[in-house]
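Student: Sequence:
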Amino acid sequence: FQTTTTTTVDTGPSGVSIELQKKDKGLTALGVPYSTDIAKDLVNYYADKWDVSPRVMWNVVTCENKALNPMLQSYFPYKDGPNSRENSWGLAQWNLDAHPEFKREQVQNPDFALNEMAKSFNKGDYWKWTCYTKIYGKT
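FYI, the numbering for the sequence shown is 137 to 275, going by the numbering used here.
Any given hint could be a false lead.
[Said to hold, decoys possible] Simulated restraints on C-beta separations:
1) D184 / D216: 34 to 44 Å
2) H235 / K202: 20 to 30 Å
3) R221 / D187: 28 to 38 Å
4) T269 / Y211: 11 to 21 Å
5) K274 / F212: 17 to 27 Å
6) K202 / N180: 11 to 21 Å
7) S220 / G260: 26 to 36 Å
8) Y211 / K239: 20 to 30 Å
9) D216 / N180: 32 to 42 Å
10) Y211 / Y272: 31 to 41 Å
[Claimed, not checked] For lysine-lysine, the following BS3-like pairs were computed, each having C-alpha atoms within a straight-line distance of at most 27 Å:
11) K185 / K270
12) K274 / K264
13) K176 / K215
14) K264 / K176
15) K215 / K202
16) K255 / K274
17) K185 / K264
18) K259 / K185
19) K270 / K259
Hints listed in this document are in silico derivations from the structure and should not be mistaken for laboratory results.
Idealized CB from N, CA, C, for every residue including glycine.
Please model the entire structure based on the sequences and the hints provided.
Tutor: Below, the structure written as structure tokens:
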């Protein structure tokens, strides 16, 4: 028996249409496994758009979300958070307690999450990501 949940994510300006299906065996996008290539294309697109380093952005994304799962909630334990975990979600692990202006559905959209991440990097706000300071030290 296999369960399937489909989440349609609006096509963003990157032009990469995402329709995610969560099946017992993992995520699929566009009928194929959600891949590293799709995530890299999105990182490159938004890094270029906001004139930030795609290498730095990719390193932070893959540290924050090793599975590259756009639906992922943080595994960091937090007793007051949803599922007793930190309220961080998506490819960029946006923390919704720190960013009440965002909704979970938004940060689980790869286009939205990576656009906002690149925009923050462009402003020098690298400090928002624990993995940035873990990899590169203080900003």
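Student: If any of the earlier hints don't hold here, list their numbers in rising order.
Tutor: Result: hints 10 and 13 break, sorted rising.
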